[in-house]
Each structure stands twice: as structure tokens, then as C-alpha cells.
Amino acid sequence: MTSVTAEGLKVGAPRASRQHGWWRRNWVSIAFIAPGIIWLLAIVVYPTIATVRFSFYNESATKFVGLHNFASVFSTDTILTAFKNNVVWVLIFPFFVTFIGLMVAVLTERIRWATAFKAIIVMPIVFSTTASALVWRTIFDLDPHVGVVNAIEQTVSDWFSTPGAYPLNSAIGQTAVSLASFNTTGAPGGALASKSAVQPGGTVMMGLTRISSATLQTLGAKTPVAPQTIAGGIAGVVWNDFSPSQTSNTTTIVSDEHGLPNLRLSLVNSTGSSVASTVTNSSGDFSFSHVAPGSYHVEVPASNFQTSFVGTFWLGSQSITPASGLNQTAQSLLSVPLIDLAMIISYIWIWAGFAMVLIGAGLAALNREVLEAAEIDGATEWQTLRRVTIPMLAPVLTVVFVTMVINVLKVFDIILNMAPGSSQGPATTLALSIYNDGFTGGIHSGVASAIAVILFLLVVPVMFWNLRKLKGGSA
Amino acid sequence: MTIDAPVKENRVGGLAKRLHLSKAVVNVILALVAIFWLVPTISLLVISLRPESLFGVSGWWKVFTDPSQLTFGNYSTIFSQGFATGGVLDSLLTSLEITIPATLLVTMISCLAAYSLVFGSWRGRDMIFFGIVGLMVVPLQVALIPVVQLYREMGNLFGLNPYGTIPGVIIFHVAFGLPFGIFLMRNFLTGIPRDLLEAGRIEGAGEWKIFYRIVLPLALPAIASLAIFQFIWVWNDLLVALVFLGGNVHSPLTIFLYDQTRSLAANYWIVSTGAVVSIFVPLIVFFSFQRYFVRGVLAGAVK
Amino acid sequence: MSSVTLRELTKQYAGNAALSLDAVNLDVAHGEFVCLVGPSGCGKTTALRMIAGLESVTSGDIEIGDRVVNDLSPRDRDIALVFQSYALYPHMTVFDNMSFGLKLRKVPKDEIKAAVTDAARILDLELYLDRKPAQLSGGQRQRVALGRAIVRNPAAFLMDEPLSNLDAKLRVQTRAEIARLHHRLGATMIYVTHDQVEAMTMADRIAVINLGKLEQVGSPRELYDRPANQFVAGFIGSPSMNFVPMHVESIDGGIRVVSAGGDMDVILDDVESAIIRSAGVSDVVLGVRPEHIDSQPRSGRGLQLRASVEVIEFLGNDEHVHLSSGSHELVAIVDARTPLTIGDSVTLSASIEAIHLFHPETGVTLK
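Protein chains in written order, with this note's numbering: chain P, 271 to 745; chain D, 17 to 319; chain A, 793 to 1159.
Among the clues, some could well be false.
Claimed, not checked - With a cut-off of at most 25 angstroms between alpha-carbon atoms, the simulated SDA-like pairs for lysine to any residue come out as follows:
1. D:Lys225 with A:Arg841
2. P:Lys388 with D:Leu48
3. P:Lys680 with D:Phe146
4. P:Lys388 with D:Val301
5. D:Lys78 with P:Gly581
6. D:Lys39 with P:Glu642
7. A:Lys924 with D:Arg307
The set of hints was computed from the structure by calculation and includes no laboratory data.
Computed from a predicted model, the values in this text were never measured in an experiment.
Required output: the full structure, derived from the provided sequences and hints.
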């Protein structure tokens, strides 16, 4: 060590020269890292500490209030709702995204157009959540002329129960009886029937009312005429008993009234069983021929008034769990608004590509020989997947899962953009609450900071776990 | 593939065989999945290409039976408005004004910092790195309020208040892009053999020359991944812009869309065309640099 | 071209009690080819990197020419280093790789071109100047690495195991090529290798390093014939020297060394006996190179051993015979025509000139 030459070369006190040497050797490195460090200290580190401080101060950050903000977080229904929604998201979303990602990643390995397929699935990640939320808002729209989901629901429901020619407007609580006018009365099962009995050779006139002119126009309704008797049969007319020119006339046919076409009618005997059926023509006329003697009523079965499908209000806040009758706080904690599901579906659409890419990379990195060994050992594809592939993928799957948990703890944009005004409150989350409490109507730091601190505390353990996992995986 | 030779020796063989999917079935399933995944994007595109008068009257899917509904009318309206304040194109410009500097800054600062962390010889490099990685856990929501106040302080002290300005948004985005950026770049740079730097040093290259003549060219793939990732992240941000740009007449596309849907009379033609414009840029970036983006996603599994 | 001198050169890494390099003194003359050899981790690469300026000096001095370069950055030392991994810049063409250093020194373009073309001609790389390293074979990459050094015309060439990534055949070829290059350029070269064959075939002088210490410096022949200690003796030569612990016995005024079971013994002459006696040891380590073992019984002084044949490795002209003598294993190289079969009991010998004796504790050569 005590080499005379070496000491002789150095000028000044050894300590100072070492210090000087350190700067000379490292100043470039320090200059390189300085901008990053300064930036992070100012905009990440300091604000995080400040937020923790703010969470113990009042809304204008002027007075220390201890745990008061945290107390109000846990006693405010809107914030409890936010907690509940975050829980719903965490329980449903990460699992399904990981599962779908896995399935798709595994299946993709067997198709030739994998590249195109992957591009299609990954594409939504690059869209802003704002744009995606708007798209999905349209897709889930209540109006079947806008929302494709309700359009499909409508088509399917129409297959199973064909709507009648005169659908009731259930939205305003319309019933068949409310349509009854001249010589017409309600019958069991939402049907209508003629009031007066009729014998063969007689005629029946049935007046209905409140049939919209649009309906009449689509059906091509013509002016009704009074029925002519037929021997051994029953003739009649069903008409819309409303004349714009003689609004008070409710007993006779007026020239500007309309017959009701396409009504299915049945002839009911005195014991209440249907003996014949017919359909009215374009001016509302009908007839039953060869009727056995006896006393009959003409019935308009309920199927004529079958409502068409009204659609599901996917973006609404109606709960899919039984929560009615509970008090406000219990509802905040227990009701799951339908829109949560709609948003989760949309969010899966956005993020499944992420899961697929990660899991796909994990699959590609698997030791093929192990899979081949399983095959040699006689495992079927399914067994290989379940017993070999998935266990080997476990680290990747957990990383995906946990990343998605973190992601939905912070979920924000999709709610702000997808939930209509009426559903914003029931669909809110912690991140949205921070924004709403902290930034709408001036800056309020107290409660918003407390929520931020809670969010931070929820994210940190998960995140550290993930980082450790990732570090272990890459090493 | 469904019913094959008897597999009696395998007790679960029956079940397994049933679950064993043939290639055709897989193709059909994935085709359906692909269609499902495409529907939202296509619907957005179609809605933007149909006259607004048809919205709510008939479903967008009617276009497949009546292609004459397609029109570029909405787009020509947008373009005829030009860059007027509050229009779609103005927002497009604002989005670019925020995203490009934020991306460049994050990329540059991350590269410099990562270089220093990997190839520097100062002590405590690992600790600083772990500290920076640790910052990835901080949800940006945590920093919003103090940064708004910090900006105000800056206004009081230097007369420059970034709140409500585009630089204010950029500063915040850069800060929250850095931990990931440094993480990604550092991981990549550790893979560059030190021999290369030493070879450069011996041949007479100084630290800066080594950085930009040897390390940067080699790190290009990682830089591309980071830049694309950051670009898309900032481009798609709504929250930061909402908080820090509040009240600015120029708003990025995300705020533009948000405002349009929030307004009482939502103009669907402008929402849908605006949304198409907003996804157009990241889509181009994505399809041009898919490989790098995917790599960024893989590296950014923690974001 | 310049000389390179190491004076008491010492390296200690932070947090490491042991010295990685312990007061090494070495003079490499102008134009000399010196190999640093030793087992991996012995400090030879550390020494080279200190000369290059890639590692700081804990104490001692490095001189290149007549300058002390301890505190100079690598670029100011005027040296070239060929890395074990070649360290070619993957994003640059062969031409750019070779010209990078000159460009940094702002050498005029035409001079760069001339220098690179010249080096490419010497190394047979003319056709590959536009290629990237990834498009080259291992041997070609190695030549580019050499070329990058040549182009600079440095004061000294430093090479860190430049052949270790080549296959056996190419290694032999390139060995000759480097030797020829050295001859042609007359350059000062310091070459690090763990392969003593490389050192023996190329070096003017060899420096053997072990555990941070310089064990011996000398020409290949000196090291082979007169190793300074047991480590050098064992390191130089292939297959390595046989070592057998022996006991010293006095007989009729002379000295005899004999192995534990008595299967081996050496009769020393007076001069050697005197040396052993003055060393005052009762045990010694006998060293004898496999190629010096004779398949005949002893005539006169020297070593005689009785052994049984365990394994015979036929190599064409000769055979490596693995022997078991008492509890000791030895290897002997004998003429391939020697009639031997496994299990044979044989009596072999070695002349007194071929016998080395080492101190049992210090390993220092006694004879």
C-alpha cells in the first residue's frame, strides 16, 4: 500500500483529493440521474407525503382534525357505496379477465390467424377508456334502435312471444280494459269481450278506444261499416270508437273512425269455451259462419295486446341483489347496480388483450419438452392444460390477476364516462370519489386526501407483492 | 375427433375426450370471440359514418342492409370547422401538445437515469433504483391535490402557475411516467454487455459519447417500447387533464368527449366522430409498432 | 509502441478482504509479447483491466512508455484491448466498428479509410466491411476485434482471452495468426489466458499468476524446465506434472526419497542430497512430467517406480498410460508401440535430470 510514488503523485490532502476524484469520476452519472430524481421528489414523493398530512386536516388544510376525515369516510353513504363498488369490481373483474385471457391465449396457439386474432383482442387497450366507455354506453343503450344488446334481446324475446297487433304501452301502465268502450268489457286474462250476448243470425259491434293513429296507419285500417246479418252465423265489427269530428259520440260508427284490422277473435259459448276463431279484415269486419244455436260472446284474446319487449336498462342503478326495504347505509353496502355489470363487461373488453398478451408470453416461455413429456405420459390435451400448463403458468396468472386488482382499485374513467347522470352516484368508486370530493366545486383536501390515503394503503401491499413476483420472475 | 377409439384404460378419458376440441371448433369459437371484440369498434365507426338524423331511429347495424346510409358528412363538418377553439381538431392538437412533450421527456429522462443507474459507479445506485421502483406503487390520485397547491405556490413565488396550463399537465404526466420508464430502461440496459462500454472508453469515447453513440442505439427497442407505452398512456388520460387543465379553453380529446356526453343535448354525431378521431392516433401507433407496444405491455405488467 | 511496467501493483475490491492482485512487478519490454496465465479468478484479468484503465489502482504504479498512467482515463493511455466477448458494437458495420476510435479522435476521413482498409487486408476482412457483427462467423468477429485494435496503432495491445470463444481448430489457426501479427507489427502485447498451451506457443515471456500473486516470470522454456515452485510446475505442461509426496531417508551418507508404500524411490546424487539436507525437510514432493517417464527400469540414479496399468489412452504416436503405484495415481506418456495391457505390472523410471523436488509446505522448488 505505502508506495511512495503513488502518494507523491497526489496533490493536497488525501481526503480532499479523494473527494475531488469522486466528483470528477461521477459528475456525469450524477448529472444524468439528477433530472429524474428531482422530478420524482417534487411531483411524486413530496405530494404523497403532503396528502397524508392533508388527510388529518380540515377541507382547506388549515386546521388539524385528527381522524375526523377518516371517520367521515366510513360514515358517508356515498363513500361507502364507492367502497362497495370497488369490492364488486375486485371480486368479479380480475377473475374473469384472467380466465378469458388464459382461454384465449391457449386457444390462439392452435389457429393460423393468431396474429390477426391477437391484434383484434389487444386493440382496445390502446383506446382511451373514455372512448371505450362511450362506445359501450351506446351498445347498452335502452333504445333497441341504438343499443345492440337491447336490439338482440328484443329480437330474441319476439321469437318466443310474438307481439300482438295492438301492443299495450306498459311504460305508462296501460291495460287492455282501459281500451274498452262501446259494448266491450274486460275478460279474464287481460282479454276483452262483448258485453251483450249474441245468437246465430245476430250481429256484434265492439268499440275500442285509445288506439294510436300510428298503429292504425301501419295496419292500413279502413272506415268501418255496420255489420250485415248472415243466416246461421254471427257477423260483427270492431272499431276504434273515436271520431276526431264527433268526440262525444261513443255508440255509433262515424265516417272518420277506423276499423281495427288483424284482431284475432274467438267465439265463446255460454260455458266459456271457445268454439270458433277468426281475424278481422281491414275495416274491422268479421264473421263466424255455421254457428250452432246458443248464446255467445265475442272475445278479443289478450295476445292481441301483447306488449313488445321494452329492453333492459343496463346503465341503470337498479340492484341485481335484493336490497329494497333496507336503510340507506345497508343499501350502499349491499346493492349491486346493474350498471356495475355493464361496466365490468366493457372493462373486460378493454383489458382481456392485456391478460392474453402476458399469458401468451408465459405460454411461449414454457418448456415445450415438459408439455411433450406430459403427452408421452398419456395426458390428454385437457389434462395437460389443467395439470401441467396452468400450474406452470401460475406465476404469470397471479401477476395478471394482481395487476388487474390494482387496476380496478383505481378504476375511474369508465364510470365517469359510461354511467348516465342518474347512475353516477350508485356506480361511484374510490378514485371517482377522490375526484368528486376533491375537485368539483373548488379544491377540498380533507376527505379526498383521506380517501386517497386509503386507496394508497389498499394498493401498496398488492403492488409490492406484484413487484417482488415480477423481480423474482425476471431474475 | 369426437368419438374415437375406445380409451377404457383412462378413466377420465371420456370427459377429456369430450373437452378435447377439434381445430374446426377452436376456429369457430375464436371467430365468434373476434367478432364480439370487433363489434364495439365497428359500431363506433358506423355511427360516425351515418347521418345523425338516423340515430335513434334505426340501429347502426341497418347499414349492412342499406349501405347507402354511409356518409362522410360528419367528418366534413368537423374538418370544415377547422381548428376553432372547442372543436374536435382543436382538441386533437391539444392532445398532441400534451402527449408529445410528455413522451419525449419521460423517454429522455428515463434513459439518462437508467444509464446512470446501470453504468455509473456511484454508491447507492441499487437503493435509489429500488426507491424509484417503489414509487410505481403510488396511485396518481394520491398526488393530485398537493400538486395543484404546489403549482399555486409556484405561481406565488415565480409568477408562473402551471395549473390550468398544458405544461402543468405535462409536468404531472412526466413525473408519473418516470418510475416505469426508469424501471423498463434499467432492466434493458443491464442486458448490454459492459465490454461494449469499456471498448468505447478504451477507444477514447467520453461518457456522453458512450451514452449516445453506443448505449442509445442499442437501447432503441426498449426506447420504442417506452415511448409508445407512454404516448398511449398520456393520450388516453382523462383524470390528470381534468384536474390540471380545469377551465382551459383548449382541452384534449378525452375531455372533449367527456364534455360532449355530459352536455344535456348529447350530439352523438360529434361524440362518435370525436371518439373515432381520438382512437385513430393510438391505433396508427399501435399497428405501426405493435411489437414494441406488446413488449412495453409485458414490461409494464406492474403499471 | 512502448514498454509497460507494473510496480507493486495491488488491487483490493471494496468489501473484499483478500487482495485481488498483490504487489505485482512486471516489465514488458517494447515490442515484447507477454502472456499472463493462471487459473480463473487468479487476478490476471484484473491486472489487464488495470493496465487498460478500466479498474482503479489500489496501490502501486502502472507505466506505459515512461508515463505513470494510474490516473489517466483509458482513452488517454493509448492502448487497445481485445475483449474475450470481442465487444463489437452490434449496431455498427465492421467498418464502423473498426473506425470508431479513429473517428472519436477526429482522424481525417481518408486516413481512417486507409487504416481500416489496411487492417482489413491483413486480417482478410475486406469483403465484410459492410456487414454487421451478427452476420459474421465467430472467427470473423474475432478478426474484427483484432482489426479494431490494429487500426488504432496503439502503444500496447491488451488481449483478454481472445481465443476462448473459438472452436479448437480455429483456435490453433488464430493462435498462429496472432503470433504472425505480433511479428509483423512488432507491437507490445499483453495477452491474458488460462490456457497454458496458448501462452507457451505465443509468448516471448510468460507471467504465471496465482491468487493475486506473481509466481514466476520467464520464457516458456524456463518455466517448463525450471519452474520456481510446485504451482508453476503443475500449471505449465500438459498433461500436468505428476506429484507424489515422499519421505526423505538417509542411506550410506547419501539421501534416498521414498514413497509411503515404497513403490517409488529416488536415489539422489551428492549435490542434490546437500540441497535437501540444507533445506532441513523430512518430506518432499516429487514432481515428474509424464513425458519424462521412461518405460525401462532404472539404470543408475533417478526415479524408479512399480505400478500397475489402469487405463491406456491411445493417441496415435504415443499413449497416455494411467498408472497406480501404491496409493498414488500417475500418468506417463510412452511410445505407442510399447506392449502394454491393462492390469500389467510394470517397472518404470525417470532420469535424475527430469526429477523435480518441492518443499512440502511452501511448494518452493528444491531441485
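Here's how the hints hold up against the structure:
no.: 1; hint: D:Lys225 with A:Arg841; verdict: holds (21 angstroms)
no.: 2; hint: P:Lys388 with D:Leu48; verdict: holds (14 angstroms)
no.: 3; hint: P:Lys680 with D:Phe146; verdict: holds (23 angstroms)
no.: 4; hint: P:Lys388 with D:Val301; verdict: holds (16 angstroms)
no.: 5; hint: D:Lys78 with P:Gly581; verdict: holds (19 angstroms)
no.: 6; hint: D:Lys39 with P:Glu642; verdict: holds (19 angstroms)
no.: 7; hint: A:Lys924 with D:Arg307; verdict: holds (23 angstroms)
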